[in-house]
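*Asks:* Each chain, letter by letter, is given below.
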Amino acid sequence: MATQTLPQTGRPDSEREELISGSEAIAIACSLADVDVITAYPIRPYDTVMQYVSKLKADGAFDCDFIVAESEHSQFEIVKHASAVGARTFCGSSGVGWFYAFEAITVTAGLRLPVVAMVGNRALDDPGAFGVEHNDAMAVRDLGWMLYWVGTAQEALDTALLAWRVAEDPRVFLPAAISCDGSFLTHSQAIVNVPTQEQVDQFLPQYDRGRLLLHPDNPITVAPQVNEDWLMEIRRQTDDAMRRTSDVIREAYDEFKQVFGRGDDSPFIEEYMTDDADIVLVGMGTLAMPVRVAVRRMREQGKKVGFLRVKFFRPFATEEIQEALSRCKAVGVIDRDYSYGSPSYGGVLFNEVRSALYDLDDRPLVQSFVAGLGGREVLVRDVEEMTQMVQDSIDSGKVKQVNTWIGVRE
Amino acid sequence: MTTMTQAPPQSVQDLPQVRGVKQIPVFEGFTSGHRTCQGCESALVMRLMIKAAGPRTIVVGSTGCMYVANTTYYSTPWVVPWMHTQLGSSGSAATGTAAGLASLMRKGKMQEEPINVIAFCGDGGGVDMGLSAISAALQHDEYNLLILCYDNESYANTDIQVSGSSPWGANSTFSPPGKVHRIMNHRWKKNTAPMLAAGHPDVRYIATACGSYGPDFTNKIRRALTIGGPTFIHSIDPCPKGWDYDPKYSHELGMLAVETGIWVQYEIVDGELILNGPSRAIARGIRPRKPVTEYLQRQGRFAHLTEEDLKFFQEKIDESWEKWWIAGIVPFGPQEES
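Chains as they are written, first to last, in the working numbering: chain A, 1 to 410; chain B, 411 to 748.
Note that these hints are calculated values from the structure, not bench results.
Incorrect hints may appear among the rest.
As the list claims (entries may be wrong) - DSBU-like mimics (lysine-lysine), calculated; alpha carbons at most 30 Å apart, straight line:
{"id": "1", "chain 1": "B", "residue 1": "K726", "chain 2": "A", "residue 2": "K55"}
{"id": "2", "chain 1": "B", "residue 1": "K600", "chain 2": "B", "residue 2": "K721"}
{"id": "3", "chain 1": "A", "residue 1": "K329", "chain 2": "A", "residue 2": "K400"}
{"id": "4", "chain 1": "B", "residue 1": "K726", "chain 2": "B", "residue 2": "K700"}
{"id": "5", "chain 1": "B", "residue 1": "K461", "chain 2": "B", "residue 2": "K651"}
{"id": "6", "chain 1": "A", "residue 1": "K55", "chain 2": "B", "residue 2": "K519"}
{"id": "7", "chain 1": "A", "residue 1": "K257", "chain 2": "B", "residue 2": "K519"}
Claimed, not checked - Residues from chain A that keep clear of chain B, each with C-beta distances beyond 10 Å, as calculated:
{"id": "8", "residue": "I43"}
{"id": "9", "residue": "S54"}
{"id": "10", "residue": "K80"}
{"id": "11", "residue": "G341"}
Keep in mind the model is a prediction, meaning the values are calculated, not measured.
Glycine included, each C-beta is placed from N, C-alpha and C at the ideal position.
Construct all of the structure, not just a fragment, from the sequences and the given hints.
*Replies:* As structure tokens, then:
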């Protein structure tokens with residue numbers, strides 16, 4: 001008889017280092033957070049997280065109801081309802097799968113249910129494409145979901161813990177999506193510090209739905225017909241909750257740093273060599289890797305270039321981004337997404353950043369770059385090329401061509 | 411190596427079968443506050459459903475009449491906890507609710523007790539859009555749940571549009587009789603309960619029902635909630651607005667649907683088929699089937715049918731009772747030896 005092998009991951013007694021992918025990091029976060037109901041449906045590249053979760057459950061590393069749904073719509077509906085009866089939940093999707101679940105995703109935020117989902121960012125085919133694009137997760141930007149773009153496997157694990165903590169805070173009660181760049185993060189391994197169960201228990205209280213719990217002891221009616229009589233007030237309440245997230249995130253992040261001993265200055269943005277920079281490039285996700293390398297190289301050549309990584313896309317850290325970018329002469333926003341027919345035919349992040357900067361008395365020039373669509377690699381020399389174009393704008397005193405596609409065959 | 415077995419089936423409530431109307435509980439879980447139409451049989455189905463299930467029940471309702479007409483903000487008729495779910499997700503709502511409760515109770519995060527989980531859907535939500543989620547829910551034998559499809563044979567909430575559960579030829583706002591095309595709905599009503607029973611042989615209870623037969627309806631809800639695992643009930647609900655008749659005849663039309671054999675009342679319990687009431691009497695030859703015209707001609711939605719149409723309709727019903735392997739229920743059978 002074969003001896004039972006001990007699970008390799010989950011519920012560690014002491015902090016330890018592991019070589020794992022972003023997907024596996026989030027699966028471990030699920031076990032540490034003692035998630036109650038998890039729903040899966042296959043689509044690349046996010047589904048790797050569910051492969052790890054199912055193995056953790058199979059090995060007895062943690063106890064959850066792991067349900068393989070028959071569609072993404074059901075996947076998100078199941079966790080929505082489990083969350084309404086007080087269960088901590090996790091699910092996820094990618095690309096068109098995320099869109100298949102769109103109705104359920106919409107009402108989850110409308111009902112103020114703190115579902116946490118992973119988006120393995122993927123191009124919206126057709127034509128078929130597995131690679132990363134940010135348009136999938138971004139599609140919910142107006143619906144009341146918190147949206148986070150992680151840059152490393154470590155950040156994926158940490159952000160998942162932060163996500164449950166913030167989403168389940170009664171001041172918030174909003175769902176959160178953790179965006180991980182397909183392949184670059186979902187499938188690439190890196191050294192990750194896995195915290196102990198005690199640390200996680202200290203940081204993450206149990207989910208308490210309170211007076212909104214759907215239970216025979218609390219016989220409420222959830223989501224009645226409100227029509228024009230009340231919908232506007234309810235929309236306003238959701239807006240108030242989203243406005244409160246900033247403080248709750250800051251508070252949780254400070255505590256996170258105390259308990260786990262790591263973290264950046266800000267939970268919302270990461271600044272890299274921006275202090276004295278004339279040009280600041282802005283981007284999200286794993287794009288940070290080639291950009292940081294390029295920034296270092298250009299610094300060696302004496303160019304004053306920095307990089308700002310937007311971590312939280314919702315809530316959008318307007319003031320912090322204003323503060324960080326007010327010091328530079330020009331900004332180049334690199335989008336791994338696109339919005340057809342948008343203002344100046346720019347990327348989504350570009351228009352958000354440009355809008356945030358409008359109120360500054362002394363605005364930097366802002367330029368839009370679309371790069372790396374469908375998972376195409378963004379090279380160091382691409383970043384250098386973008387930086388040169390921003391420099392040209394500074395030299396001529398204005399942005400002649402607002403949007404440029406980088407690395408595209410014309 | 412130790413074998414991880416599935417969690418033992420959760421306990422169920424003590425909900426005894428009733429004998430006669432007088433034993434139907436006094437408890438009301440669906441009270442005033444709704445604004446369903448006069449004569450709405452689906453409202454009666456809701457009332458009977460929750461009377462049978464009792465107060466320790468969570469009800470989730472997918473979009474449809476029984477959502478929109480029932481739950482106006484500040485005037486909910488539901489005394490039990492109630493939550494809306496999307497049109498196609500009654501199966502997922504039941505699964506999610508049951509899974510959440512099961513997980514929390516197993517892990518000691520919620521006090522253990524058997525809580526009934528019922529998800530209802532109309533024919534649009536159940537027979538059409540939500541079929542795949544219902545099928546998926548019926549595959550999860552670890553959860554106790556009931557999915558109740560209240561079938562008023564159209565998308566009645568959105569102005570009476572034809573559904574996959576509408577009868578052949580029925581006038582609806584998407585199948586109006588016109589100058590060139592008299593019959594716009596050429597589809598025959600989907601045979602939903604047998605499809606689900608055949609496709610999910612491990613499901614312990616699948617039944618058809620009709621609100622005109624109160625004690626039978628109550629018992630079916632209770633059997634579904636106490637047998638263990640996922641269950642499904644399909645009820646036929648006469649709809650004065652959609653079927654176009656005087657609201658006072660709802661009960662009578664429900665009975666006529668059964669007596670003419672257009673609707674068959676039965677339960678499939680642990681793989682055994684049990685016919686109920688008039689359907690059993692018809693199948694045994696104890697009472698004759700009434701002509702289907704007695705049912706059709708009472709409803710304005712069939713007013714445009716010609717003599718020929720009515721004859722075709724009767725032939726189809728006759729065929730289902732005389733040619734099908736199991737009368738009115740299973741249309742196919744083994745090849746006959748020659």
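*Asks:* It remains to establish, for every hint, whether it holds in the given structure.
*Replies:* Now for the hints, and whether the structure bears them out:
no.	hint	in the structure
1	B:K726 x A:K55	violated, 52 Å
2	B:K600 x B:K721	holds, 20 Å
3	A:K329 x A:K400	holds, 15 Å
4	B:K726 x B:K700	holds, 14 Å
5	B:K461 x B:K651	holds, 25 Å
6	A:K55 x B:K519	holds, 24 Å
7	A:K257 x B:K519	holds, 28 Å
8	I43	holds, 16 Å
9	S54	holds, 13 Å
10	K80	violated, 6 Å
11	G341	holds, 30 Å
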